[in-house]
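Trainee: Single-letter residue listing:
Protein chains: 2
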Amino acid sequence: MKILKNIQPNDWSKYMSRPILENEKLTYIVNSILISVKANKDLALKKYALEFDHVNLDALKVSLAELEEASSLVSGELKEAINVAKDNIEKFHSHQQIDEVAIETTKGIKCWRKSVAIEKVGLYIPGGSAPLFSTILMLGLPAKIAGCKEIILCTPSDKNAKVHPAILYTASIIGIKEIYKVGGAQAIAAMAFGTESIPPVYKIFGPGNQYVTKAKQLVQLQGIAIDMPAGPSEVLIIADKTGNPSFIAADLLSQAEHGPDSQVLLLSNDESIIDRTMIALGEQVDALPRSIIAKKALQNSKAILLDSIEDCIEFSNQYAPEHLIIASNQAMQYVDKIVNAGSVFIGNYSCESAGDYASGTNHTLPTNGFAKSYSGVSLDSFVKKITFQEITKEGISAIGSTIEIMAESEELFAHKNAVTLRLKKIGNV
Amino acid sequence: MKILKNIQPNDWSKYMSRPILENEKLTYIVNSILISVKANKDLALKKYALEFDHVNLDALKVSLAELEEASSLVSGELKEAINVAKDNIEKFHSHQQIDEVAIETTKGIKCWRKSVAIEKVGLYIPGGSAPLFSTILMLGLPAKIAGCKEIILCTPSDKNAKVHPAILYTASIIGIKEIYKVGGAQAIAAMAFGTESIPPVYKIFGPGNQYVTKAKQLVQLQGIAIDMPAGPSEVLIIADKTGNPSFIAADLLSQAEHGPDSQVLLLSNDESIIDRTMIALGEQVDALPRSIIAKKALQNSKAILLDSIEDCIEFSNQYAPEHLIIASNQAMQYVDKIVNAGSVFIGNYSCESAGDYASGTNHTLPTNGFAKSYSGVSLDSFVKKITFQEITKEGISAIGSTIEIMAESEELFAHKNAVTLRLKKIGNV
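In order, the protein sequence lines correspond to chains A and B.
Using our numbering, the letters of the first sequence map in sequence onto residues 259 to 687.
Using our numbering, the letters of the second sequence map in sequence onto residues 259 to 687.
The shape of chain A in the complex, shown without the other chains:
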């Protein structure tokens, strides 16, 4: 990590830079995949599976037999852990269900909103060496709680056409049965446009590499909703002298091990905390299986000494981190000052990995500064709120002339007439 001291607020923005992801070649490649899947459907998906994943797929859909087999391949210990996490995530997301009552804005005019589940949603789970089953909990549980009718899941298979049992097991216990062996941009295309095997959905969720991310952006332009824009994962830790350098180092590494482009920042008003964290980092990093990745990420990372915790919070608000950890015994006193962040971890025992897996909060969060305007995934992401209004004769009589005057001023006379006719019928004109 680079250690920076005595930097001035005017220069802060220099240290907030993030990688630039736009790339014309990427757009071209992904666009051609979208076009191909739209035209050739299952055939295109099987062709890409062979080309990119080196697997010859007979069927795209995971069979019932595969689902049943998966359960026997997951250890009891992992099943139990998934169950504990599931309970907490369910509790937190069920708690987000709110019945808004109607309000009478004027006598005779009742207005309300109702949350209605998005009927068809698609979840994408990336492949790779490790099965990201935790993301199925984070996306599948709120989808189920919201009441989405069709929930499908796409994830690439391995070279033997198998999907990792932990993925299948986790999907099963949530009740997701429509699982397809498709990865990458082609999976996003399949869920957006539909194929012979895969039904199209209205909204697509889930993380992925730059191809997946670009595909989500491009199908969004065609009217398919997506969870949020994405970039490399990030953590910003604010530590005062009551922080624990060993914990801080471990939390920084939790982020750094995600990938060489992970963004890791440490801010403190205490020079000794920074120095001791650097020592702890050195001690911990070599023991990690992913130490090469973590070291690369750390090369681009910064530890910055600022004048006060207030300055640290101000810096963080300008950066808008995906994850913000406040490593301090007095963390709660800073909470009200936080304006831009995806998810905030308060105090020395609130580690990011708790939120990543099992505390109950969602781990699908806005990166790349998007926390300035986007929320993380929640129950809200799986519903739309429909507005309703019921206006009686008394109600329209009360606001009729208001509508007539406004409509006339906007030169929309049919709008005015719709009211005038009703007022006449009531006998108010």
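Everything labelled a hint here was simulated from the structure, so no lab data went into it.
A portion of the hints provided could be inaccurate.
Remember, identical chains collapse to one label, so a pair may be satisfied in a single copy or spanning two.
Simulated crosslink set (DSS-like; lysine-lysine; CA at most 30 Å straight-line) [what the hints assert, rightly or not]:
(1) Lys368 - Lys643
(2) Lys683 - Lys349
(3) Lys499 - Lys372
(4) Lys595 - Lys305
Since the model is a prediction, treat every value here as computed from it, not as a measurement.
Let chain A serve as the given structure and place chain B on it in line with the hints.
Mentor: Chain B in isolation, oriented as in the chain A frame:
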């Protein structure tokens, strides 16, 4: 209107088609405007004002003197109407403020969400012959209630460099003082990237023509949030025999007068209601100042006779209209069956123009079938919900092993270690 009878559910989708808006030339033109504004800032804005709006602008910002003058140019009657609408819109949107309480998902683990205003938002109000001041209420009021710190507004001036007084007056009473004389795609570019005069914002709201819509899509790809994708305005009316043909005709025309591409649909299980509505349409349309526009829109519009109101609701759910009017004395009994719609108007006295102006609900709604996955603008649109968690020693002890097992299964050992170190410190290992 085309009248269709005896159509089968399998053929419904034929009658749900909407205009296709994608256009490569449009993308090229708008992209070049974005690039020009990003590079040349105010200079580009003034050049486009001259080129497109034929106005020579000295200053882009509306002056205090102009704001003060505007108030004297708006009639007392219109001021009073705006005030009534403002009150109702404030009531409905204030009612959407919800303080979520924290939940303890496991003993020692407290999780909660907090709504925090998006700091910088930009509102776009189109120009044209009529001043769309009602949209300022619909966007500005929730922005203020949410607590957005910087609210700016862009709208094109006329050829004399004047903005319509009703626009300036409405913005003033809400407390919006940063108003800029910029229209079209260049206004969206200015708010996205910033210029010497115009500060950049995090999220852009507001309606506009195809250039504005395309510009919003393109800046969204660059990380600026937008309210929602857009298409031509729509109404779908479901009427049973208790509907009022004269009211229905007026409501259809309210939509049709917006533009020749407006989408207007009438569904009924009662042939006589359709026939009588067609007669009323003929009687009303010629009296409208915008009758030529309305007639064009009606040419593409359909009245469809279906077997039952249940079929009408099912058709509507598949179409997902922006506005849905249920013209029936028994309208409330159908409400629970509505799955996809932007805003629903219940009963014969709930006309769309009430919601467009003054009942309290928002008129910025998802068109083009986006109601399947998007909500209309609400207080939610101006905040992001930040997640917080506070975990005690007791809390991490309770879920520590769960996290360790899950992290290890996902091969993320630094994630595991962040927990292990804490459990060791507590003395749990």
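Trainee: Evaluate each hint against the coordinates.
Mentor: Status of the hints after comparison with the structure:
For the homomeric pair lysine 368 and lysine 643, the shortest alpha-carbon distances inside one copy (16 Å) and between copies (27 Å) are both at most 30 Å. Taking the closest pair of Cα atoms, lysine 683 and lysine 349 come within 30 Å of each other only across two copies (28 Å); inside a single copy the shortest separation is 52 Å, beyond that limit. Taking identical chains as interchangeable, the C-alpha atoms of lysine 499 and lysine 372 lie at most 30 Å apart only when they sit on different chains, with a minimum of 27 Å there against 48 Å within one chain. Taking the closest pair of Cα atoms, lysine 595 and lysine 305 never come within 30 Å of each other, the shortest separation being 52 Å inside a single copy and 42 Å across copies.
Comparing the model with each earlier hint shows a violation of hint 4 alone; every other hint is respected.
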